[in-house]
Amino acid sequence: MTTTTPQATPAVRAQRVRRGLAAAPFLAPGMLFLIVFMAIPVGLLAFYTFFKRGRFGGLVFEFTLDNWAKLAEPLYVGVILQSIGLALVVTLLALLLGYPMAYAIAGLSPKWRTVALVAVVLPFWTNFLIRTYAWILLLNNAGFVNQWLQALGLTDEPISMLYTPQAIVVGLLYMYLPLMVLPLYASLQQLDPSLREAATNLGASPWRAFRTVTLPLSLPGALTGCIFVFVPAMSNFVIPELIGGGKTVMVGNLVRDQFYEARDWPFGATLALVLTMLLVVVIVIQAAVSRRITEGPRRG
Amino acid sequence: MTAEPLLRVDGVRAVYGDTVALHDISLDIADNEFFALLGPSGCGKTTLLRSIAGFETPASGRITVDGIDLLPLPAHRRPVNMMFQSYALFPHLSVEKNIAYGLEAEGVGRAEIRTRVGEVMEVVRLGHLSRRRPSQLSGGQRQRVALARAIVKRPKLLLLDEPLSALDRQVRASMQLELKRLQHEVGLTFVVVTHDQEEAMSMADRIAVLNEGRLEQLATPQELYAEPVSRFVAAFIGTANLLDGDATADGVAVPGMGLVPASHPLAAGSPATAVVRPEDVTVGTEVSGGLRGTVVDTYFLGGASTISVEVPGLPAPLLASVHGATRLARGADVGVTFGRATAVPRDPSQPPSFGTTVPTTAITVTDAADVRDADGTAGAPEASASNRSQDVSA
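The listed protein sequences derive, respectively, from chains A and B.
Position 51 (the first sequence) corresponds to 51 in this note's numbering; numbering is contiguous.
Position 289 (the second sequence) corresponds to 289 in this note's numbering; numbering is contiguous.
Because the hints were derived from the structure by calculation, they are not lab data.
Bear in mind that the values here come from a model prediction, so they are computed numbers and not experimental data.
Here a beta-carbon is modelled for each residue, glycine too, at the ideal position from N, C-alpha and C.
Heads up, a few of these hints could be off.
To be verified - If you only want the chain A side, here are some residues facing chain B, beta carbon under 10 Å, derived:
hint: 1; residue: 196
hint: 2; residue: 199
hint: 3; residue: 205
hint: 4; residue: 213
Said to hold, decoys possible - Not close to chain B: a few residues of chain A, all C-beta gaps over 12 Å, as computed:
hint: 5; residue: 73
hint: 6; residue: 142
hint: 7; residue: 158
Claimed, not checked - Partial pick of chain A residues on the chain B-facing surface, computed with a CB cut under 10 Å:
hint: 8; residue: 201
hint: 9; residue: 202
hint: 10; residue: 204
hint: 11; residue: 212
Put together the whole structure using the sequences plus the hints.
Written out as structure tokens, the structure is:
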């Protein structure tokens with residue numbers, strides 16, 4: 001698309017202003033919501049990061065850069081990196097598991113497609129804490145999985161699965177897999193089946209047709225799914241707490257601890273802001289990559 | 001037609017659940033032929049095309065290209081390329097990459113791909129658009145890319161599924177010519193699926209008319225027009241006045257009208273329909289010896305006019321056409337005579353009707369002036385006959 005309009009005539013500019021004004025009533029409610037619940041809180045967070053902590057929470061209005069300096073401490077860098085690592089692993093596993101699922105669902109007859117999609121979404125109808133507790137019942141040493149392993153004679157002693165990083169990955173994966181499957185399904189399902197036929201007709205084997213046509217055209221859906229999984233996985237603090245037993249700390253836990261336990265609001269705000277900024281960067285990259293895939297490289 | 005056909009379809013039967021989409025279709029297509037599968041939607045023409053391409057599996061029958069049995073081959077190994085109705089261009093690839101796709105899949109070398117893609121883009125006049133994405137092209141340009149992508153593979157057989165249906169009228173006419181030019185230039189065998197009889201008539205060397213999964217008639221456009229073998233073909237190809245009645249030794253006896261003379265091989269007494277093309281109908285104030293009727297409407301179409309005449313006792317108006325404009329006006333009392341007519345069998349279970357299957361049952365009417373010159377009899381339609389029907393008599 002050519003977007004270069006070097007010199008807009010006054011008439012064109014006037015028209016743009018008129019259009020902007022006409023759009024205002026429609027945009028206002030949404031904008032207001034974003035300002036109240038997004039812009040102001042983020043502004044407050046940013047504001048907090050430059051002051052000293054109060055003894056029992058709150059702020060002491062004394063300017064400082066200590067909160068930012070503290071971020072560089074290996075402990076916190078480690079937690080941030082570990083969070084990114086865990087979220088990446090979860091995202092990758094969700095993609096590997098979710099793609100074949102979405103692909104299979106897109107290939108079903110309309111009736112079974114609906115059944116499968118409902119099955120994918122079904123867990124969301126149950127409270128998320130209850131579902132997490134269910135995992136504790138499944139994974140603990142006297143739990144369902146260990147009972148079966150022993151009953152089948154595969155192990156003699158229970159394997160400790162709960163309270164490990166792996167357990168966190170499983171918990172997060174379980175929680176967010178549907179968020180990968182749904183956008184992937186949407187992008188696969190809207191692919192014109194004649195594209196694959198065309199590839200086949202031109203001599204591409206089924207695998208080649210998948211690799212060169214289906215896969216690239218489903219990438220925007222995959223990227224959306226990755227964001228949907230990565231963002232909440234990175235900031236989740238309930239699962240690390242309950243299934244991870246609080247032993248593996250992720251950024252989300254750290255933020256919560258700073259506010260509720262350490263009563264260090266400014267540093268909690270700093271961590272929260274860093275987390276938010278990281279996620280915004282990830283989303284911006286995703287949007288740019290998706291646009292490049294669908295619209296192609298910019299023409300000179 | 002050479003002795004050995006390029007494509008042989010032999011007893012192909014296709015079934016979807018309880019419905020039979022193709023009833024044992026057999027046909028041969030010669031090398032270098034421009035062949036059309038014509039029929040209304042749901043007639044099975046697309047199923048047949050997709051069976052040749054390998055996207056449908058017939059329940060029984062054989063399809064061979066150059067003697068090679070296609071049915072055991074998966075779609076990607078068949079020496080057949082297809083242009084899809086939706087074009088099915090890869091939206092994420094440039095024009096150039098779209099065209100190169102088939103050659104890359106084949107494992108052709110990079111340098112050869114470049115020359116062949118370049119050549120083909122010249123043939124379809126797309127050279128300047130090579131880096132565009134399909135979304136940045138017009139409908140006509142997309143169609144050329146789809147065509148280029150198929151012909152760059154140099155297939156023995158090119159299948160085209162409704163190639164012109166997505167184009168507007170203007171572009172369609174020029175692409176029609178272009179397809180013919182290409183077919184000559186690259187020397188390919190084309191099999192076109194279409195529901196548009198004009199499109200099929202103007203492009204194809206031979207046409208197979210399909211109806212409800214059966215092959216109604218396979219013939220040249222001229223033969224289909226002049227010698228339809230069924231009421232369906234007569235109605236579907238061109239415009240016709242269809243006069244239902246019963247066969248007699250020398251024509252069709254039409255209730256309320258008398259005998260319409262026509263040559264035919266039908267048994268006397270069997271249900272039959274007389275087919276009279278509009279240009280074989282003579283209408284004029286001074287025409288006598290035939291039917292009498294009233295002009296209900298005239299349509300000026302540029303090179304010709306269509307006159308619609310209501311004849312008492314007939315359920316629908318007769319249509320006739322003349323060269324140029326007509327001087328007959330609505331309400332004029334006219335005589336109507338028929339020139340050449342053919343007779344086709346009629347399904348007696350269907351109530352006798354009159355040209356109902358044709359959207360515009362047009363009868364060519366000779367202008368009053370022509371009629372006067374031609375004594376208002378059988379000679380007149382010959383004089384006013386269109387080019388096409390002159391070809392027929394040749």
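Structure-based check of each hint:
1. 196: holds (9 Å)
2. 199: holds (7 Å)
3. 205: holds (6 Å)
4. 213: holds (6 Å)
5. 73: The assertion about residue 73 of chain A holds, with a minimum of 45 Å to chain B.
6. 142: holds (52 Å)
7. 158: holds (50 Å)
8. 201: Cβ of residue 201 of chain A sits 5 Å from chain B, so the hint holds.
9. 202: holds (3 Å)
10. 204: It holds, given that the least Cβ distance between residue 204 of chain A and chain B is near 4 Å, below 10 Å.
11. 212: Since chain B brings a Cβ to about 7 Å from residue 212 of chain A, closer than 10 Å, the hint holds.
Figure legend: structure checked against the earlier numbered hints; every hint is met.
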